[in-house]
Amino acid sequence: MAKDCSFDVVSEVNMQEVDNAVNQAKKEIGTRYDFRGSKAEISLEGDTIKILADDDYKLNAIIDVLKGKMVKRDVAIKNLEYGKVEPAAGATVRQIITIKKGITKENAKDVVKAIKNMKLKVQASIQEDQVRVSGKDKDDLQQVIQMLKQLDVPVELQFVNFRS
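So for the sequence shown, the working numbering puts the first residue at 816; every next one is plus one.
In short, the hints are calculated from the structure, not lab data.
The C-beta atom is built at its ideal place from N, Cα and C for all residues, glycine as well.
Don't take each hint at face value.
Calculated pairs, EDC-like style, for lysine to aspartate or glutamate (alpha carbon to alpha carbon, straight line, at most 20 Å) [as the list claims (entries may be wrong)]:
| id | residue 1 | residue 2 |
| --- | --- | --- |
| 1 | K893 | E832 |
| 2 | K953 | E843 |
| 3 | K953 | D819 |
| 4 | K882 | D823 |
| 5 | K882 | D870 |
| 6 | K841 | E856 |
| 7 | K842 | E856 |
| 8 | K916 | E860 |
| 9 | K915 | D823 |
| 10 | K899 | D889 |
| 11 | K924 | D823 |
| 12 | K893 | D967 |
| 13 | K934 | D952 |
| 14 | K842 | E860 |
| 15 | K928 | E843 |
| 16 | K873 | E843 |
| 17 | K854 | E832 |
| 18 | K934 | D954 |
| 19 | K920 | E896 |
| 20 | K920 | D967 |
| 21 | K928 | D944 |
| 22 | K865 | E843 |
| 23 | K915 | D819 |
| 24 | K854 | D889 |
| 25 | K915 | E843 |
| 26 | K936 | D925 |
| 27 | K873 | E896 |
| 28 | K882 | D925 |
| 29 | K887 | E832 |
| 30 | K882 | D944 |
| 31 | K964 | D889 |
| 32 | K865 | D823 |
Okay, the calculated beta carbon distance ranges per label pair [said to hold, decoys possible]:
| id | residue 1 | residue 2 | range |
| --- | --- | --- | --- |
| 33 | D871 | D819 | 47 to 57 Å |
| 34 | A906 | Q958 | 52 to 62 Å |
| 35 | E943 | I892 | 20 to 30 Å |
| 36 | K936 | V900 | 48 to 58 Å |
| 37 | G917 | E843 | 29 to 39 Å |
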């Protein structure tokens, strides 16, 4: 008797690694010559990263440092949602970056639609902020994973709970 195999498509962010990346970025900003004597702050508060700088140029430099640290720690920068740059006190600028966790309903619908368009004998169902894919043939599930890796989704996808 053939039993179903399944896996879950999720979008998770390791917040410990995000915290480490923010702390490393703080250290680098504190030691860099181009930030000496200027207002440059970065902090992690829950699921948001707050950045404060003297001007847009320094703000972008801080974001570049942060992105570099996140990439080194295998944190998907695709899961960062940048708020608008707004003026802050003392002629400084502020930007808030939100960390996206989970797959939104719209993105989940796109993933399910792409899986159904493959015309394989697999089922895809949306379960809160993840998508469960199941089928009898492991090879079909592997094909789905390969296709989803190529799919352009606004968040980073991971494949977990592979059961055979």
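Now the hints, each set against the structure:
no.	hint	in the structure
1	K893 / E832	holds (15 Å)
2	K953 / E843	violated (46 Å)
3	K953 / D819	holds (9 Å)
4	K882 / D823	violated (27 Å)
5	K882 / D870	holds (18 Å)
6	K841 / E856	holds (7 Å)
7	K842 / E856	holds (11 Å)
8	K916 / E860	holds (15 Å)
9	K915 / D823	holds (18 Å)
10	K899 / D889	violated (25 Å)
11	K924 / D823	holds (14 Å)
12	K893 / D967	holds (11 Å)
13	K934 / D952	holds (13 Å)
14	K842 / E860	holds (17 Å)
15	K928 / E843	violated (44 Å)
16	K873 / E843	holds (13 Å)
17	K854 / E832	violated (25 Å)
18	K934 / D954	holds (14 Å)
19	K920 / E896	holds (17 Å)
20	K920 / D967	holds (16 Å)
21	K928 / D944	holds (16 Å)
22	K865 / E843	holds (16 Å)
23	K915 / D819	violated (31 Å)
24	K854 / D889	violated (28 Å)
25	K915 / E843	violated (25 Å)
26	K936 / D925	holds (18 Å)
27	K873 / E896	holds (19 Å)
28	K882 / D925	violated (27 Å)
29	K887 / E832	holds (10 Å)
30	K882 / D944	violated (25 Å)
31	K964 / D889	holds (16 Å)
32	K865 / D823	violated (32 Å)
33	D871 / D819: 47 to 57 Å	holds (53 Å)
34	A906 / Q958: 52 to 62 Å	holds (55 Å)
35	E943 / I892: 20 to 30 Å	holds (24 Å)
36	K936 / V900: 48 to 58 Å	holds (49 Å)
37	G917 / E843: 29 to 39 Å	holds (30 Å)
In terms of the numbered hints stated before, the structure departs from hints 2, 4, 10, 15, 17, 23, 24, 25, 28, 30, 32, listed from lowest to highest.
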